[in-house]
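Trainee: Two chains, two frames, some hints: make the complex.
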Amino acid sequence: QSVLTQPPSVSAAPGQKVTISCSGSSSKIGNNYVSWYQQLPGTAPKLLIYDNNKRPSGIPDRFSGSKSGTSATLGITGLQTGDEADYYCGTWDSSLSAGVFGGGTKLTVL
Amino acid sequence: EVQLLESGGGLVQPEGSLRLSCAASGFTFNTYAMSWVRQAPGKGLEWVSCISHSGDITYYADSVKGRFTISRDNSNNTLYLQMNSLRAEDTAVYHCAKGPYGGWFDPWGQGTLVTVSS
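So the sequence lines, in the order shown, correspond to chains A and B. The opening residue of the first sequence carries number 110 in our numbering; numbering runs sequentially from there. The opening residue of the second sequence carries number 91 in our numbering; numbering runs sequentially from there.
Where hints are given, some of them may not hold.
[Stated by the list, open to error] When the alpha-carbon atoms are kept at most 25 Å apart in a straight line, the in silico SDA-like pairs for lysine to any residue are as follows:
1. 215(A) <-> 132(B)
2. 155(A) <-> 143(B)
3. 215(A) <-> 130(B)
4. 215(A) <-> 134(B)
5. 133(B) <-> 150(A)
6. 133(B) <-> 182(A)
7. 176(A) <-> 179(B)
8. 163(A) <-> 197(B)
9. 133(B) <-> 179(B)
10. 155(A) <-> 177(B)
11. 155(A) <-> 205(B)
12. 133(B) <-> 121(A)
13. 155(B) <-> 206(A)
14. 155(A) <-> 113(B)
[Said to hold, decoys possible] Listing some non-contacts, in silico: residues in chain B with all C-beta distances to chain A over 10 Å:
15. 106
16. 136
17. 167
18. 208
Hints in this document: simulated from the structure, not taken from any laboratory. Each residue gets a CB set at the ideal place from its N, CA and C atoms; glycine is no exception.
This is chain B alone, in the form it adopts within the complex (with noise of 0.2 Å):
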């Protein structure tokens, strides 16, 4: 059974930073591209980022651009998000995701929620 389990959410500051990971089980980890996407308190979906199976091609919503950052750990079947400068409206729950495979992406972690307040 294919599992992703988010951690490393929790309260920061303005300004602040936080590195989610998500553990990846049940599928060959570094056969596939792997995403983060958010959703705020209430809201819908958005896509923030991706990256490819070996980890050399990496894409990012404009949102974030410039202060997140993805990457991956094949040998340990570990993705993470380093989310620096944080922003109130990066406030989400964050869920990792398998995935973009052909334009989907399946299945999703349940999330770690991030909240950025003072």
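Here chain A stands alone, though its shape is the one from the complex (with noise of 0.2 Å):
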């Protein structure tokens, strides 16, 4: 069971939108910073956002990020099939000086 708590899977036909949910306690989300991450099939995870809504560079501004109270949400608007990938929410838990993760969400483009 992950700390932090996402959807299985999500799915979406190409070109349209779709959010992913992040969800934790005050001491986690709400008290820290949210990252994202895609893994696509068979590669190493990807930072896409950090710092709740930043885009590191190279990142396109298809993939969006925020955060309210304890819970954040990642946005994909234009859905490409090379988005399908597990999608990972993540935070620097400062109380507990640990690193935790959301269980991952499938993304699927119908």
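Mentor: Put into structure tokens, the structure is as follows:
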């Protein structure tokens, strides 16, 4: 059982928009920055969003992040078949000095 | 280009030991914290351990505390994970990652597979 809760799967058609939620306690998400990672099949996780809503260089603006209270959301617009992957939220719990991740969400682009 | 290359994985018997290495290049290694994150087959990500840039501060997940030891050699840009008293539930791909930096991990190495089985 993961510390952060994500839906196991989401799906949408190409060109559509999808959101993936990530919920946790105030000591996890509430008081810390959230990051999001994309893991394409057979590859290492890749940072998509950091500090709740910032995109690293090279990440298209189709990907967005937000946080409110003890929940965070990853949004992906203009879905492409190449976006099919597992998506993980994560944070550094500064009170426990430990990294924590969500259980992951499998995105299917129908 | 930042690169992280793990090695040292393999098949080990329960209660056995293994030492993983992560060779880093493309950035000033001795100025960043580093971490190990594992992923059991078909499962999600689990943070394992991290070490400060200088190596004097370390943190561990409860699941590995007392059995695993993280260390680093800044003169050789290498991160290590000494794993003792291995259990079947330690079977996973072990990724090294740069960070946490402000709470995130970037980039990640491709990982090395550790299989604990008799």
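Trainee: Please go over all the hints and tell whether each is borne out by the structure.
Mentor: Do the hints match the structure? See the list:
1. 215(A) <-> 132(B): The hint holds at about 12 Å.
2. 155(A) <-> 143(B): 22 Å, holds
3. 215(A) <-> 130(B): Measuring from Cα to Cα gives roughly 16 Å; hence the hint holds.
4. 215(A) <-> 134(B): Within the cut-off at roughly 11 Å; holds.
5. 133(B) <-> 150(A): 13 Å, holds
6. 133(B) <-> 182(A): Given that 25 Å is the threshold and the Cα spacing comes to 21 Å, the pair holds.
7. 176(A) <-> 179(B): Given pair residue 176(A), residue 179(B) is violated - Cα atoms ~33 Å apart, limit 25 Å.
8. 163(A) <-> 197(B): Holds, at about 16 Å.
9. 133(B) <-> 179(B): 12 Å, holds
10. 155(A) <-> 177(B): 28 Å, violated
11. 155(A) <-> 205(B): Status holds; Cα separation ~24 Å.
12. 133(B) <-> 121(A): 23 Å, holds
13. 155(B) <-> 206(A): 13 Å, holds
14. 155(A) <-> 113(B): 18 Å, holds
15. 106: 26 Å, holds
16. 136: 7 Å, violated
17. 167: 19 Å, holds
18. 208: 27 Å, holds
The structure is inconsistent with the numbered hints 7, 10, 16, although it conforms to all the rest.
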